[in-house]
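Asks: Protein chains in written order, with the working numbering: chain A, 5 to 271; chain B, 5 to 271.
There could be a bad hint or two in this list.
Just so you know, same-sequence chains aren't split out, so a pair can sit in one copy or run between any two.
[Unchecked claim] In silico lysine to any residue, SDA-like type, Cα no more than 20 Å apart, as pairs:
(1) K219 to L192
(2) K61 to V15
(3) K61 to R73
(4) K61 to Q72
(5) K120 to L255
(6) K142 to V15
(7) K61 to R71
(8) K202 to F124
(9) K178 to V15
(10) K97 to R73
(11) K219 to P163
(12) K219 to I90
(13) K120 to D237
Keep in mind the hints are simulated off the structure, nothing from the lab.
Take a look at the letters that make up each chain.
Number of protein chains: 2
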Amino acid sequence: MNMTQKTSPTVSAAMLVIGNEILSGRTQDANIQHLGIELGLRGIQLQEVRIVADIEKDIVDAINTLRQRYNYVFTTGGIGPTHDDITSECIAKAFGVANTPHPIGFKLLADFYASKDIEFNAARQRMAHTPEGATLIKNEVSMAPGYCMDNVYVMAGVPRIMRNMLDGILPLLKGGAVVKSHALTTDLPEGLIAEHLKSIQNVFDGKIDIGSYPKDRKVKKGYIVSLIIRSSDEEALSISVNQLQEKLIELGGKVVDGEVEEEVLFA
Amino acid sequence: MNMTQKTSPTVSAAMLVIGNEILSGRTQDANIQHLGIELGLRGIQLQEVRIVADIEKDIVDAINTLRQRYNYVFTTGGIGPTHDDITSECIAKAFGVANTPHPIGFKLLADFYASKDIEFNAARQRMAHTPEGATLIKNEVSMAPGYCMDNVYVMAGVPRIMRNMLDGILPLLKGGAVVKSHALTTDLPEGLIAEHLKSIQNVFDGKIDIGSYPKDRKVKKGYIVSLIIRSSDEEALSISVNQLQEKLIELGGKVVDGEVEEEVLFA
Numbered sequence: 005m006n007m008t009q010k011t012s013p014t015v016s017a018a019m020l021v022i023g024n025e026i027l028s029g030r031t032q033d034a035n036i037q038h039l040g041i042e043l044g045l046r047g048i049q050l051q052e053v054r055i056v057a058d059i060e061k062d063i064v065d066a067i068n069t070l071r072q073r074y075n076y077v078f079t080t081g082g083i084g085p086t087h088d089d090i091t092s093e094c095i096a097k098a099f100g101v102a103n104t105p106h107p108i109g110f111k112l113l114a115d116f117y118a119s120k121d122i123e124f125n126a127a128r129q130r131m132a133h134t135p136e137g138a139t140l141i142k143n144e145v146s147m148a149p150g151y152c153m154d155n156v157y158v159m160a161g162v163p164r165i166m167r168n169m170l171d172g173i174l175p176l177l178k179g180g181a182v183v184k185s186h187a188l189t190t191d192l193p194e195g196l197i198a199e200h201l202k203s204i205q206n207v208f209d210g211k212i213d214i215g216s217y218p219k220d221r222k223v224k225k226g227y228i229v230s231l232i233i234r235s236s237d238e239e240a241l242s243i244s245v246n247q248l249q250e251k252l253i254e255l256g257g258k259v260v261d262g263e264v265e266e267e268v269l270f271a
Numbered sequence: 005m006n007m008t009q010k011t012s013p014t015v016s017a018a019m020l021v022i023g024n025e026i027l028s029g030r031t032q033d034a035n036i037q038h039l040g041i042e043l044g045l046r047g048i049q050l051q052e053v054r055i056v057a058d059i060e061k062d063i064v065d066a067i068n069t070l071r072q073r074y075n076y077v078f079t080t081g082g083i084g085p086t087h088d089d090i091t092s093e094c095i096a097k098a099f100g101v102a103n104t105p106h107p108i109g110f111k112l113l114a115d116f117y118a119s120k121d122i123e124f125n126a127a128r129q130r131m132a133h134t135p136e137g138a139t140l141i142k143n144e145v146s147m148a149p150g151y152c153m154d155n156v157y158v159m160a161g162v163p164r165i166m167r168n169m170l171d172g173i174l175p176l177l178k179g180g181a182v183v184k185s186h187a188l189t190t191d192l193p194e195g196l197i198a199e200h201l202k203s204i205q206n207v208f209d210g211k212i213d214i215g216s217y218p219k220d221r222k223v224k225k226g227y228i229v230s231l232i233i234r235s236s237d238e239e240a241l242s243i244s245v246n247q248l249q250e251k252l253i254e255l256g257g258k259v260v261d262g263e264v265e266e267e268v269l270f271a
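Using the sequences and the hints given, assemble the complete structure.
Replies: Below, the structure written as structure tokens:
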């Protein structure tokens, strides 16, 4: 981590997942975790996710709230050719512009379908519509592009396409301080170590964040709590990890570096 | 489905997932899909999900927005004994009441820890705190209860505990019309069928909802789009499924009942 990163402010992001199928439970979302990890590696903190249905007002309101509150907004879903794909109309409405054929995207898809001898009909042309002023994002999987509109990045919901689009977006983003994390796993229950976690976190006064994650176990012995210490300050991270490790041992605990898959019954 | 269900209005729900670990990508959420499915089976539509960090203002604001907008709100995460478990303080603040030891919950946990010869210390006592006026929700996995506060149901984040608490909550909820769904899978691309989906949905004027989900395929042949027709009106559902099936065959497509796992390349 270099000095620029150390002193730069937090860069924040939100994600808007658009799709009835996630809310009904038909589909398990596979994009939130991927985005959270990829942004984190680049010093961008995913701070909020919203999942909304294919309802215009809900999408427009969410976009306008999130794009003002966070540095970046990433959407997934709703950019295909069918009637339930209303993301572009909604983004256009949120920005108060028209949703029109993008000259480059339109030609790209027209040529693509011509080369396959497939009719470039009205439904397929919808995939070449973007809010006026949008910049296209490449889709190497299925051709129909995503796009960026100001600080809002619009991606497909199909995970393989989303990941391909994100790969093209990531180099364009400006990250802040990269938050590094260190995991310790212990056999001590949360209820015993809670006050010490709080004390150590308080000593570093906002520089570190300790998360405590009990494992879901059916057995009664073994490593039962993962402690994740996170900081963008490597020195603070290192010192606090050492302090925590010493405290856990002082309390009679076993401690291992990293996470251990076991399960917890009570705190 | 009986007449009461047919004519009852939509019952709506939102979910608030509280936890830095989901946003950072460290943990894959496993509760959203389960809640969406279980509510749907009881005629309650999950209409929005928000995932927020362990930040008081974010949690309080989300709770107050969602509990006014939806019939039910379900939260997961942040009710353990450690410093990062701040859900109860936040719910209390959202309702403008104190977060105090719940008489029944306090005795329950005091007796439980006494029986295990484990100190019922301040950290563990935190798990017996609820907003004043809360009704406890049983936790048969790890004892520390969830609770209900007006229309807000507060559950643990560990999936096995969340599911156990939800099992106790579901019989208490009043559902509306149960939305049934029927899946058709076809080898026709979305771009070809898009206009017909829209026409059929329009004929039923709000009574049915058709979702179109392309499969992520690497091969070029096979079944590539799942169409999910949803309705709380069984007659409308049945007629629209038949109409859609006939239209797909008329367009030269193969159609199968249900979903087929294949993958799509372009629309």
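Asks: Now tell me, hint by hint, if it's right for this structure.
Replies: Against the structure, the hints:
1. In this assembly of identical chains, K219 and L192 lie within 20 Å of each other by CA distance solely inside one copy; the values are 12 Å within and 46 Å between copies.
2. Proximity of K61 and V15 under a CA criterion of 20 Å is satisfied inter-copy only: 19 Å between copies versus 28 Å inside one chain copy.
3. In this assembly of identical chains, the alpha carbons of K61 and R73 lie at most 20 Å apart whether taken from the same copy (18 Å) or from different copies (14 Å).
4. Taking CA atoms no more than 20 Å apart as the test, K61 paired with Q72 passes in both settings, with 17 Å inside one copy and 17 Å between copies.
5. Proximity of K120 and L255 under a CA criterion of 20 Å is satisfied inter-copy only: 19 Å between copies versus 69 Å inside one chain copy.
6. Proximity of K142 to V15 under the C-alpha cut-off of 20 Å is found in neither arrangement, the shortest distances being 24 Å within a copy and 40 Å between copies.
7. Taking the shortest Cα distances, K61 and R71 sit within 20 Å of each other both inside one copy (15 Å) and across copies (18 Å).
8. In this assembly of identical chains, the alpha carbons of K202 and F124 lie at most 20 Å apart only when taken from different copies (18 Å versus 61 Å within one copy).
9. In this assembly of identical chains, K178 and V15 lie within 20 Å of each other by CA distance solely inside one copy; the values are 8 Å within and 42 Å between copies.
10. Taking the shortest Cα distances, K97 and R73 sit within 20 Å of each other inside one copy (18 Å), while across copies they are farther apart (22 Å).
11. With identical chains, the CA atoms of K219 and P163 are at most 20 Å apart between copies only, with a shortest distance of 10 Å across copies and 28 Å within one.
12. Only between protomers do K219 and I90 lie at most 20 Å apart by alpha-carbon distance; the minimum there is 19 Å, versus 40 Å within a single protomer.
13. Proximity of K120 to D237 under the C-alpha cut-off of 20 Å is found in neither arrangement, the shortest distances being 53 Å within a copy and 41 Å between copies.
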